[in-house]
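Between the sequences and the hints, there should be enough to build the whole structure, so can you do that?
Start counting the sequence shown at 353; every next residue gets the next number (the numbering used here).
Be a bit skeptical, because a hint or two may be false.
Claimed, not checked - If you anchor each label on the Cβ, the simulated ranges turn out as follows: (1) I502 x G369: 23 to 29 Å; (2) R504 x L473: 37 to 43 Å; (3) A427 x L482: 32 to 38 Å; (4) L473 x I498: 34 to 40 Å; (5) G403 x I498: 34 to 40 Å; (6) W516 x L482: 19 to 25 Å; (7) V458 x R510: 29 to 35 Å; (8) A381 x Q467: 22 to 28 Å; (9) T356 x P423: 42 to 48 Å.
Read the hints as simulated data drawn from the structure, not as lab findings. We put the beta carbon where it would ideally sit given N, CA and C, even for glycine.
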Amino acid sequence: MPHTTPFDQFAAVTARGWFSGAAFVLRLALGFLFFHSAWAKFSADAWSAAGYLSLATGPLTGWFQSLAGNPIVDALNLYGQAAIGLALIFGCLVRPASIGGVFLMVLYYLAHFEQNTAYGLVDQHVVYALVFLFFASGGFGHLWGIDGLIARQPSLQRKRWVNWLFG
Numbered sequence: 353m354p355h356t357t358p359f360d361q362f363a364a365v366t367a368r369g370w371f372s373g374a375a376f377v378l379r380l381a382l383g384f385l386f387f388h389s390a391w392a393k394f395s396a397d398a399w400s401a402a403g404y405l406s407l408a409t410g411p412l413t414g415w416f417q418s419l420a421g422n423p424i425v426d427a428l429n430l431y432g433q434a435a436i437g438l439a440l441i442f443g444c445l446v447r448p449a450s451i452g453g454v455f456l457m458v459l460y461y462l463a464h465f466e467q468n469t470a471y472g473l474v475d476q477h478v479v480y481a482l483v484f485l486f487f488a489s490g491g492f493g494h495l496w497g498i499d500g501l502i503a504r505q506p507s508l509q510r511k512r513w514v515n516w517l518f519g
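Here is the structure:
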């Protein structure tokens, strides 16, 4: 018997067709946004996060500025965005990708804290982080995604790690 995900519970008390469609479109939109951002960085000549990090503001300025120009940070940013985008597009490993997305958005928010809070505490990074948190609650990859195909395999249904990764 397949386990019930938070997505299933929420969808049960809403207009399921509308909710499912909206959740799928939201997952795709955020996935394409992140993949496009990674592709733009990959396509740019000698892209680096150094410019963004060297202009960091707020309480963690020194730490962010110390990361500027580090090729490992550049690679983690570029490939992390690509992996998050592809995971959301294909609905595969949505929960781990979403947790990574929350982490990335919190870092982006804190790196430019003064600019991001100039007009209030909520900016696009906070909104994206909340959407990722919503996706991490579970079940969003089951909606026309690979997570659902994997989680429905009878031999894997009772495995906790499968339920966590693909739930």
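We went through each hint and held it up to the structure:
I502 and G369 have their C-beta atoms about 24 Å apart, which keeps the hinted 23 to 29 Å range intact. For R504 paired with L473, a C-beta distance near 41 Å keeps the hint of 37 to 43 Å intact. Judged by the Cβ atoms, the range 32 to 38 Å given for A427 and L482 is violated: they are separated by roughly 27 Å. Distance hint check for L473 and I498: the Cβ-Cβ separation is about 36 Å, which falls inside the suggested range of 34 to 40 Å.
In this structure the supplied range 34 to 40 Å holds for G403 paired with I498, their Cβ-Cβ distance being about 36 Å. In this structure the hint that W516 and L482 lie 19 to 25 Å apart at CB holds, the actual value being about 21 Å. The hinted window of 29 to 35 Å between V458 and R510 holds, with their beta carbons roughly 34 Å apart. For the pair A381 and Q467, the supplied restraint of 22 to 28 Å holds, since their beta-carbon distance comes to about 24 Å.
At roughly 44 Å, the beta carbons of T356 and P423 sit within the given window of 42 to 48 Å.
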